[in-house]
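All chains should be modelled from the sequences, with the hints used to inform the complete structure.
Protein chains in written order, with this note's numbering: chain B, 27 to 261; chain A, 27 to 261.
Warning: the hint list may mix true and false statements.
Straight line, CA to CA, 20 Å or less: simulated SDA-like cross-link-like pairs of lysine to any residue [claimed, not checked]: (1) LYS172(B) <-> LEU41(A); (2) LYS172(B) <-> HIS40(A); (3) LYS191(A) <-> ASN195(B); (4) LYS172(B) <-> ALA197(A); (5) LYS172(A) <-> LEU41(B); (6) LYS226(A) <-> ASN195(B); (7) LYS85(B) <-> GLY102(B); (8) LYS212(A) <-> ASN209(B); (9) LYS172(A) <-> VAL44(B); (10) LYS226(A) <-> MET27(B); (11) LYS116(B) <-> VAL134(B); (12) LYS172(B) <-> PRO43(A); (13) LYS172(A) <-> TYR42(B); (14) LYS226(B) <-> LYS212(A); (15) LYS172(A) <-> ASP37(B); (16) LYS172(A) <-> PRO43(B); (17) LYS172(A) <-> HIS40(B); (18) LYS172(A) <-> GLU79(B); (19) LYS172(B) <-> LYS191(A); (20) LYS172(B) <-> THR29(A); (21) LYS172(A) <-> MET39(B); (22) LYS191(B) <-> THR29(B); (23) LYS226(A) <-> SER213(B); (24) LYS77(B) <-> GLY102(B).
Far from chain A, some chain B residues (derived; all Cβ distances over 10 Å) [unchecked claim]: (25) ARG95; (26) ASN163; (27) LYS235.
Hints listed in this document are in silico derivations from the structure and should not be mistaken for laboratory results. Note that the Cβ used here is the ideal one computed from N, Cα and C, for glycine as well.
2 protein chains.
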Amino acid sequence: MRTIDVCLSPDMMHLYPVVDHAVVVVDILRATSCMTTAFAYGIDTIAPFAKLEHCLAMKVNGFYTAGERDGKKVDGFDLGNSPFEYQDPKLKGAKIAFTTTNGTQAIVKSLGASEIIIGSFLNLTAVANHLKTLPQNILVVCAGWKGKFNLEDTLFAGALVEKLKGEVNPACDAPLAAQALYNQAKSNMVGFLSNSSHVKRLAKLNIHKDITFCLTEDTYSVVPVLRDNVLRKIN
Amino acid sequence: MRTIDVCLSPDMMHLYPVVDHAVVVVDILRATSCMTTAFAYGIDTIAPFAKLEHCLAMKVNGFYTAGERDGKKVDGFDLGNSPFEYQDPKLKGAKIAFTTTNGTQAIVKSLGASEIIIGSFLNLTAVANHLKTLPQNILVVCAGWKGKFNLEDTLFAGALVEKLKGEVNPACDAPLAAQALYNQAKSNMVGFLSNSSHVKRLAKLNIHKDITFCLTEDTYSVVPVLRDNVLRKIN
Numbered sequence: 027m028r029t030i031d032v033c034l035s036p037d038m039m040h041l042y043p044v045v046d047h048a049v050v051v052v053d054i055l056r057a058t059s060c061m062t063t064a065f066a067y068g069i070d071t072i073a074p075f076a077k078l079e080h081c082l083a084m085k086v087n088g089f090y091t092a093g094e095r096d097g098k099k100v101d102g103f104d105l106g107n108s109p110f111e112y113q114d115p116k117l118k119g120a121k122i123a124f125t126t127t128n129g130t131q132a133i134v135k136s137l138g139a140s141e142i143i144i145g146s147f148l149n150l151t152a153v154a155n156h157l158k159t160l161p162q163n164i165l166v167v168c169a170g171w172k173g174k175f176n177l178e179d180t181l182f183a184g185a186l187v188e189k190l191k192g193e194v195n196p197a198c199d200a201p202l203a204a205q206a207l208y209n210q211a212k213s214n215m216v217g218f219l220s221n222s223s224h225v226k227r228l229a230k231l232n233i234h235k236d237i238t239f240c241l242t243e244d245t246y247s248v249v250p251v252l253r254d255n256v257l258r259k260i261n
Numbered sequence: 027m028r029t030i031d032v033c034l035s036p037d038m039m040h041l042y043p044v045v046d047h048a049v050v051v052v053d054i055l056r057a058t059s060c061m062t063t064a065f066a067y068g069i070d071t072i073a074p075f076a077k078l079e080h081c082l083a084m085k086v087n088g089f090y091t092a093g094e095r096d097g098k099k100v101d102g103f104d105l106g107n108s109p110f111e112y113q114d115p116k117l118k119g120a121k122i123a124f125t126t127t128n129g130t131q132a133i134v135k136s137l138g139a140s141e142i143i144i145g146s147f148l149n150l151t152a153v154a155n156h157l158k159t160l161p162q163n164i165l166v167v168c169a170g171w172k173g174k175f176n177l178e179d180t181l182f183a184g185a186l187v188e189k190l191k192g193e194v195n196p197a198c199d200a201p202l203a204a205q206a207l208y209n210q211a212k213s214n215m216v217g218f219l220s221n222s223s224h225v226k227r228l229a230k231l232n233i234h235k236d237i238t239f240c241l242t243e244d245t246y247s248v249v250p251v252l253r254d255n256v257l258r259k260i261n
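Written as structure tokens, this is what we have:
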């Protein structure tokens, strides 16, 4: 049977081979939630960049610039890191250059995988269904916070393990821990996360509405994947 | 209020400053459980070594050699990695040179901390009580398995967070996750861990008795600490 593993932080990626794996990158608050929302609203392409300046350079190619540093919109960028900004009809068909503190770095560290998929609670079931059609072992890469473990990405990893139960086996202890945490949290995700350091950090930015939105399951059915260095939706 | 943080793997130690911290090193299956048992049975000193050959070299200094690689006793060593081997009256007052796959490496990576303490379920309350007397912030270093996250060390970290609740604040999400997992597991720790990869790996070595023993809380009240590069008990 295929396996699912969970890398709890990009700083542990050296322990996880990505070649021949389907990698799901997750940054619930808020990069991959934004990306999912953007594709649900008809965006054509997202080009992920680890560095601000590379992102900014894409402006001359007709890309919108988007992203954050330390949870805040970057000065001079067109779009920030709130999913609500991407629910905008004017973005239909647009191309976006995207950079975030943690999310795009996790994508960059996953390069070399046979498939890189953008996961969030917003497209949880769609991602799980897509994974069921693939032959590869699965690795969920949690973007974390500046290299450290975070709860919300781990809960999403656990939700995927739970969704794929019976079809894909946990490869080691990290998926088991994630699954146990998700099953404990799922009836009240916002409450469970209310003490989390990342949620407290974001709460200072007054984005309670964003947090609740990003923790809602299956609002959308898009599956963004990386092909030729850009993200596009496959359904 | 002081803080408690949890480093889920030695491969993430670069993210956690140890200077001015009280560090608790934990390798439940089985290095720190063995060390706790050894001190409870009157051993004088344990010198931890990351490398086999350094351990072996201590034999000429009158040290017993002890430890494992990949969960198995090292050929030619006096003692292995089962806590029951350390319940031996002949070891009273003895000195031991100790190396393990994960545990002693975690100690070596913690050097520079103002206090390094050996923690296990066997001395959980004694370690918690000692920590209450210290002024420093606390970092629990999980030995993990070859750099990866493991459940049993994380559960111990969670048990410490729970024991110190109200006196020491979780520093970030890792202690919160560990605490949630411990509270979910504590009524049936052996059952909770039965699917764990590390426990399955060890079960192949037929050490169910060791596992049950190592998951038992407060069998002993010794607190081993590192002073001048060797472990001694402080009470």
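Each hint tested on the structure:
no., hint, result
1, LYS172(B) <-> LEU41(A), "holds, 9 Å"
2, LYS172(B) <-> HIS40(A), "holds, 12 Å"
3, LYS191(A) <-> ASN195(B), "violated, 35 Å"
4, LYS172(B) <-> ALA197(A), "holds, 14 Å"
5, LYS172(A) <-> LEU41(B), "holds, 9 Å"
6, LYS226(A) <-> ASN195(B), "holds, 14 Å"
7, LYS85(B) <-> GLY102(B), "holds, 11 Å"
8, LYS212(A) <-> ASN209(B), "holds, 16 Å"
9, LYS172(A) <-> VAL44(B), "holds, 18 Å"
10, LYS226(A) <-> MET27(B), "holds, 17 Å"
11, LYS116(B) <-> VAL134(B), "violated, 28 Å"
12, LYS172(B) <-> PRO43(A), "holds, 14 Å"
13, LYS172(A) <-> TYR42(B), "holds, 12 Å"
14, LYS226(B) <-> LYS212(A), "violated, 27 Å"
15, LYS172(A) <-> ASP37(B), "holds, 15 Å"
16, LYS172(A) <-> PRO43(B), "holds, 14 Å"
17, LYS172(A) <-> HIS40(B), "holds, 12 Å"
18, LYS172(A) <-> GLU79(B), "violated, 37 Å"
19, LYS172(B) <-> LYS191(A), "violated, 26 Å"
20, LYS172(B) <-> THR29(A), "holds, 19 Å"
21, LYS172(A) <-> MET39(B), "holds, 13 Å"
22, LYS191(B) <-> THR29(B), "holds, 10 Å"
23, LYS226(A) <-> SER213(B), "violated, 30 Å"
24, LYS77(B) <-> GLY102(B), "holds, 15 Å"
25, ARG95, "holds, 18 Å"
26, ASN163, "holds, 15 Å"
27, LYS235, "holds, 21 Å"
The structure fails hints 3, 11, 14, 18, 19 and 23 (numbered hints given earlier, in ascending order).
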